[in-house]
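Undergrad: Here is how the chains run, residue by residue.
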Amino acid sequence: AQTVTQSQPEMSVQEAETVTLSCTYDTSENNYYLFWYKQPPSRQMILVIRQEAYKQQNATENRFSVNFQKAAKSFSLKISDSQLGDTAMYFCAFMVLNRQGGKLIFGQGTELSVKP
Amino acid sequence: DAGITQSPRHKVTETGTPVTLRCHQTENHRYMYWYRQDPGHGLRLIHYSYGVKDTDKGEVSDGYSVSRSKTEDFLLTLESATSSQTSVYFCAISGNRGHGEQYFGPGTRLTVT
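Residue numbers (this note's numbering), protein chains in the order written: chain A, 1 to 116; chain B, 117 to 229.
One thing to keep in mind: the hints can contain errors.
[To be verified] In silico contact screen, one side only, chain A against chain B (beta carbon under 7 Å); selected entries:
{"hint": "1", "residue": "Tyr32"}
{"hint": "2", "residue": "Tyr33"}
{"hint": "3", "residue": "Pro41"}
{"hint": "4", "residue": "Arg43"}
{"hint": "5", "residue": "Gln44"}
{"hint": "6", "residue": "Met45"}
{"hint": "7", "residue": "Met95"}
{"hint": "8", "residue": "Gln100"}
{"hint": "9", "residue": "Gly101"}
{"hint": "10", "residue": "Lys103"}
{"hint": "11", "residue": "Phe106"}
{"hint": "12", "residue": "Gly107"}
{"hint": "13", "residue": "Gln108"}
{"hint": "14", "residue": "Gly109"}
[Said to hold, decoys possible] Chain A is faced by these chain B residues, among others (derived, beta-carbon under 7 Å):
{"hint": "15", "residue": "Leu159"}
{"hint": "16", "residue": "Tyr166"}
{"hint": "17", "residue": "Phe220"}
{"hint": "18", "residue": "Pro222"}
If you are wondering where the hints come from, they were derived from the structure by calculation, not from laboratory data.
Yeah, the Cβ is synthetic: ideal placement off N, Cα and C, and Gly gets one too.
Extracted from the complex, chain A is given alone in its bound form (with noise of 0.2 Å):
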């Protein structure tokens, strides 16, 4: 069975430095999606960035990159410049695709909080 683990419950730091936030998974498939969401007080549910097993390439969105390890399955969330908008629950989760569609597995989520 596949598994997220999340070991940092709660982080902070300053507004415009740099964060990452840490994440491993252990799993025997090769082909596999992983994700990082943030959820802000508003308890909406918004899809931050994505990364595909099979791209050697860490997956980029503006403020946002990842660092991707699989031999070490190590799926880490960096965010540069962080903003108080960035204040929120993050969570990592695992997907492996199919016909059937893909069920996500979950982290148990990082608390970050952007100080001003």
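Use these hints to put chain B onto chain A, whose structure you have.
TA: Chain B only, in chain A's frame:
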């Protein structure tokens, strides 16, 4: 934003009563999912659907049933609610294209007293 709505948004019910939560999408996406969110557990999959009348169980399906009679609606039913089903419930959808990204509804907070 994907067109996903959930109803009701909040509900308080008593132990033993039946409860149905509705997820409605306007995106014509094939796949729909129900998750629950509890402190310390992230989100966990309850049931999912890969087409009209095609559903299957997820990680925490005991005590829940689902139905999907048309593409746009996916219903989650608690036949006899228990206090352990107090949670926030999220619906998600994904399409045939793309790489499995799931887009979430706003959530329903259910309290079972």
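Undergrad: Kindly indicate which numbered hints from before are broken by the structure, ordering the numbers from low to high.
TA: 1, 3
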